[in-house]
Every structure is written in structure tokens, then in C-alpha cells.
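S.K.: Taking our numbering, I'd label the letters of the sequence shown as residues 21 to 198.
By construction, these hints were calculated from the structure, which means they are not laboratory data. Please read these numbers as outputs of a predicted model, since none were measured by experiment. Cβ coordinates follow ideal geometry from the N, Cα and C atoms, glycine included. Be a bit skeptical, because a hint or two may be false.
Said to hold, decoys possible - DSBU-like cross-link-like pairs, simulated, lysine-lysine; straight-line CA separation at most 30 Å:
id : residue 1 : residue 2
1  : K151      : K178
2  : K178      : K126
3  : K141      : K121
4  : K121      : K151
5  : K89       : K178
6  : K151      : K141
7  : K126      : K141
8  : K141      : K89
Claimed, not checked - Across the chosen pairs, the derived CB separations fall in these ranges:
id : residue 1 : residue 2 : range
9  : V76       : E50       : 17 to 27 Å
10 : I190      : E136      : 30 to 40 Å
11 : D85       : R181      : 12 to 22 Å
12 : G43       : L183      : 17 to 27 Å
13 : P77       : P112      : 28 to 38 Å
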Amino acid sequence: MYFDIHAHLYQYPYPYPSTMGNGYLFPNEEQLITLHDALGIDRAALMVLANAEEYVPQSVGEIMDIALKSNGRFVPFCNVDPRLMGNHDHSPLDMLLDHFKNLGCKGVGEVLPRMEFDDPKMRNLYRCTQKVGLPLLFDMNSNPNRAYGLYDDPGLVKLHRCLDEFPDLIFIGHGPGF
């Protein structure tokens with residue numbers, strides 16, 4: 021069985037200057053299934069885009085609805101922007117994450133705000149995610165001026181520091197920073 025750990029779709033895709041040739045950046049459910057079937061992919065984790073730096077944010081509910089009707093083909097992830105609930109480094113994000121976990125979400129992602137990897141608000145998100153026992157899939161880049169993605173210095177010093185600080189959190193890395 022092949023499992024795509026990082027998939028995106030929108031129930032109602034929106035126009036975007038894309039390289040896919042169809043005028044949309046992300047597929048809808050039917051298009052993603054067709055693509056996965058052609059590639060022999062059996063299941064996929066659906067990411068939620070919750071950070072407004074680049075894409076139109078989507079709700080966890082949209083992904084949950086799609087996953088629930090997929091008969092197990094799609095595994096829902098949830099996502100919260102680390103700046104939610106007061107935009108500070110002690111926001112009770114675990115309340116939301118625990119709620120989404122109880123609804124059936126199996127991870128957090130794709131986390132991609134344009135922030136430092138070890139920003140206090142990001143560290144709060146890591147702490148809350150570790151507390152509820154979900155893995156976290158993040159996008160990283162090596163350019164702080166890029167439209168989205170967590171930023172780290174060469175050598176991934178901030179990532180290493182967070183791996184040490186949150187030893188029970190499963191980090192799943194993604195993006196050009198690697």
C-alpha cells in the first residue's frame with residue numbers, strides 16, 4: 021500500500037496563477053483521486069491550509085467532511101495558526117487541537133506560517149501539539165523573505181533546539197529548507 025503523507029485539496033478550488041495548466045493550484049476530491057489512482061497511491065493524509073501568507077485558508081471542517089465520506093481513503097489532519105486565540109505565546113491551542121483530535125484528526129499540518137522555527141508562538145504550538153499527542157507536519161524554507169514556511173538558519177539550529185525541547189512530538193519535515 022502506498023500512502024501520501026502530504027496531500028492538499030479544496031472542495032471548491034480557487035483560481036490561482038499555477039503551473040498545473042488548469043488555472044487552479046490545488047485539485048478537488050475527484051481530481052486528487054484520479055491522480056492518486058494513476059500513481060498507485062491508496063491513501064493520503066489531507067493537510068489543512070490555515071495560514072494566510074500564501075493560500076486561501078480552509079477550515080478543518082472542510083477536510084473532515086471530505087475525509088469522512090472517503091471510506092478511509094483520506095486521513096484528516098487539522099491545523100491552527102499559532103497566532104490564534106490572542107496572538108501570544110501561551111494561547112490555549114491545545115483546546116482546539118484536542119477537539120479536532122476527538123473528531124478524528126490524526127495529525128497537525130501543514131504548518132507553514134512565515135515565522136522563525138523557534139518563535140515563542142511556534143514553540144507554544146509545538147508544546148500544545150505534543151500535549152495532545154498528534155504528529156506535526158511543517159513546511160520549512162531557507163529564505164525568510166519567501167511567502168510562507170518556517171525559517172531556520174543554516175544547519176537547522178532552531179529545529180534541533182525544538183527537537184530537544186519537545187522530545188515526544190513527532191515532527192514531519194517538508195519543503196525546500198531540506
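S.K.: If a hint holds in the structure, say so; if it does not, say that too.
M.R.: To see whether the hints hold, each was checked on the structure:
Our distance criterion of 30 Å between C-alpha atoms is met by K151 and K178, whose separation comes to about 20 Å. Distance restraint check for K178 and K126: the Cα-Cα separation of roughly 25 Å lies within the 30 Å cut-off, and the hinted pair is therefore satisfied. In summary, the hint linking K141 to K121 is supported, as the alpha carbons are separated by about 21 Å, within the 30 Å threshold. Straight-line distance between C-alpha atoms of K121 and K151 comes to about 12 Å, which keeps the hinted pair within the 30 Å bound.
As the CA atoms of K89 and K178 are separated by approximately 39 Å, the hinted pair breaks the 30 Å bound. Distance restraint check for K151 and K141: the Cα-Cα separation of roughly 15 Å lies within the 30 Å cut-off, and the hinted pair is therefore satisfied. At roughly 22 Å between alpha-carbon atoms, K126 and K141 fall within 30 Å of each other, so this suggested pair holds. Annotation: proposed proximity of K141 to K89 is violated, straight-line Cα distance about 34 Å (limit 30 Å).
For V76 and E50, the hinted distance range of 17 to 27 Å is satisfied, since their beta carbons lie about 19 Å from each other. Take I190 and E136: their Cβ atoms lie about 21 Å apart, and the range 30 to 40 Å is violated. Between D85 and R181 the Cβ separation comes to about 37 Å, which falls outside the hinted range of 12 to 22 Å. At about 40 Å, the beta-carbon gap between G43 and L183 misses the expected band of 17 to 27 Å.
As the Cβ distance of P77 to P112 is approximately 20 Å, the hint placing it in 28 to 38 Å is violated.
Consistency with the previously given hints fails for numbers 5, 8, 10, 11, 12 and 13, ordered from lowest to highest.
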